[in-house]
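Number of protein chains: 2
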Amino acid sequence: MPRWEPDAVGRLQAAALELFAEQGFERTTVVEIAQRAGLTKRSFFNHFADKREVLFGPVAEGQREIVTREIAACPDGLPPLEAVVLGLRAAADAIFEVRRAEVTRRREIIEANPELRERELRKRAALTDGIADALRARGVDSDTALLSARAGVLVQQTAMRTWTRSVDDRPLRDFLADALHSLRTIAAQTADQGGVPVPGRADGIRDSP
Amino acid sequence: MPRWEPDAVGRLQAAALELFAEQGFERTTVVEIAQRAGLTKRSFFNHFADKREVLFGPVAEGQREIVTREIAACPDGLPPLEAVVLGLRAAADAIFEVRRAEVTRRREIIEANPELRERELRKRAALTDGIADALRARGVDSDTALLSARAGVLVQQTAMRTWTRSVDDRPLRDFLADALHSLRTIAAQTADQGGVPVPGRADGIRDSP
Numbered sequence: 630m631p632r633w634e635p636d637a638v639g640r641l642q643a644a645a646l647e648l649f650a651e652q653g654f655e656r657t658t659v660v661e662i663a664q665r666a667g668l669t670k671r672s673f674f675n676h677f678a679d680k681r682e683v684l685f686g687p688v689a690e691g692q693r694e695i696v697t698r699e700i701a702a703c704p705d706g707l708p709p710l711e712a713v714v715l716g717l718r719a720a721a722d723a724i725f726e727v728r729r730a731e732v733t734r735r736r737e738i739i740e741a742n743p744e745l746r747e748r749e750l751r752k753r754a755a756l757t758d759g760i761a762d763a764l765r766a767r768g769v770d771s772d773t774a775l776l777s778a779r780a781g782v783l784v785q786q787t788a789m790r791t792w793t794r795s796v797d798d799r800p801l802r803d804f805l806a807d808a809l810h811s812l813r814t815i816a817a818q819t820a821d822q823g824g825v826p827v828p829g830r831a832d833g834i835r836d837s838p
Numbered sequence: 630m631p632r633w634e635p636d637a638v639g640r641l642q643a644a645a646l647e648l649f650a651e652q653g654f655e656r657t658t659v660v661e662i663a664q665r666a667g668l669t670k671r672s673f674f675n676h677f678a679d680k681r682e683v684l685f686g687p688v689a690e691g692q693r694e695i696v697t698r699e700i701a702a703c704p705d706g707l708p709p710l711e712a713v714v715l716g717l718r719a720a721a722d723a724i725f726e727v728r729r730a731e732v733t734r735r736r737e738i739i740e741a742n743p744e745l746r747e748r749e750l751r752k753r754a755a756l757t758d759g760i761a762d763a764l765r766a767r768g769v770d771s772d773t774a775l776l777s778a779r780a781g782v783l784v785q786q787t788a789m790r791t792w793t794r795s796v797d798d799r800p801l802r803d804f805l806a807d808a809l810h811s812l813r814t815i816a817a818q819t820a821d822q823g824g825v826p827v828p829g830r831a832d833g834i835r836d837s838p
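Protein sequence lines, in the order shown, are assigned to chains A and B.
Just add 629 to the spot in the first sequence (first one is 1) and you have our numbering.
Just add 629 to the spot in the second sequence (first one is 1) and you have our numbering.
Looking at chain A on its own, in the form it has when it is part of the complex (with noise of 0.2 Å):
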């Protein structure tokens, strides 16, 4: 039976972090985290599959259930974009907000490394397919729900790249408000508006000459 380790997880993450950032992911072993972490390999295989699932695991699952958790719980008839925002945003509090430090230097090791990009590619491609699930089952037609499960995971993906580089402490509620704007301000845009000619079109107007 495993010794019971007070938050073993978080303490094989933080090492993690810490290591990759020193010394490269690649460089990097499993022996090394856990005697960061003052722990044994074997805890670290009671907890992560490999090294790559520091990164990843558990935040991903918890992320996926708080973000359908609170679409289901969302009132009756709201768009579904909005209800994939509001779920988004409930795991930004209670998940992200207090580890920007820690999420920041994520990215950047992943952001350096393709293996790793990938996976997070399939993450991301995962927590879609748990979103539109949610929303269909909300009663949301199967299209509208993927392409709204999609457009909120966009909208994420904006809004974490921006609160990780930003110098103020707006939290990442706010950027999650900034990239839905920015979403919909494009999406609205149309060549008509835009004042300029659209090829095959005979009412297009110039703004200048």
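Note that these hints are calculated values from the structure, not bench results.
Treat the hints with caution; some may be incorrect.
Since copy identity is lost for identical chains, a pair holds within one copy or between any two.
[Stated by the list, open to error] Straight-line C-alpha distance at most 20 Å; calculated SDA-like pairs for lysine to any residue:
1. K670 / V660
2. K752 / S795
3. K752 / I739
4. K752 / E740
Once you've looked at the hints, dock chain B against the given chain A.
Coordinates of chain B only, in the frame set by chain A:
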């Protein structure tokens, strides 16, 4: 010097799609693909790095070239998402429209194999990056370029999915227009319009008791 082999790439791709459909991706070897195409293993490796690349290489390259060239040629001031969709439409007409059966079979093979799905995600990320760069070259600010590129790729992903599943003969460009319209609709729906009370808002009015 390699012998000139008329349309070796096309013949290898067609042979690979046939064999993957007949006996599965995993059980098909490069030798079998080359044999079916009437070519040698060596000429296979003249064109593709491995078995997976038959499903990705030249099409992904061709698509990115056409999309980014088209974006560069758009009228000044065209809103960024419109420019992206014009680019995707050009690729739809030039590459995908005449290959609907192959594209559909390719999708089925990729969806059945996690490793291929991962490579598909990576290629999509590369397309997104290429599109964002093409927008930046037009003077679009960096964040708007990335968000517009992602929104455009989402539109394309949605359109490809419905096009390959549709039973009528409508061209892919029509599905792109539909998907853009759906994204615009989903993005424009706000809680206020939905007529449902939003948590924390005093002015929400329900449509029904």
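Within, between, both or neither, where K752 and E740 count as close if Cα-Cα is 20 Å or less: For K752 and E740, both the intra-copy (14 Å) and inter-copy (16 Å) Cα distances are at most 20 Å.
Same-copy or cross-copy closeness of K752 to I739 [CA-CA at most 20 Å]: both (13 Å within a copy, 17 Å between copies)
Within, between, both or neither: K670, V660 at alpha-carbon 20 Å: within (5 Å within a copy, 43 Å between copies)
Status of S795 relative to K752 across identical chains (alpha carbons, at most 20 Å): neither (24 Å within a copy, 29 Å between copies)
The structure shown violates just one earlier hint, number 2.
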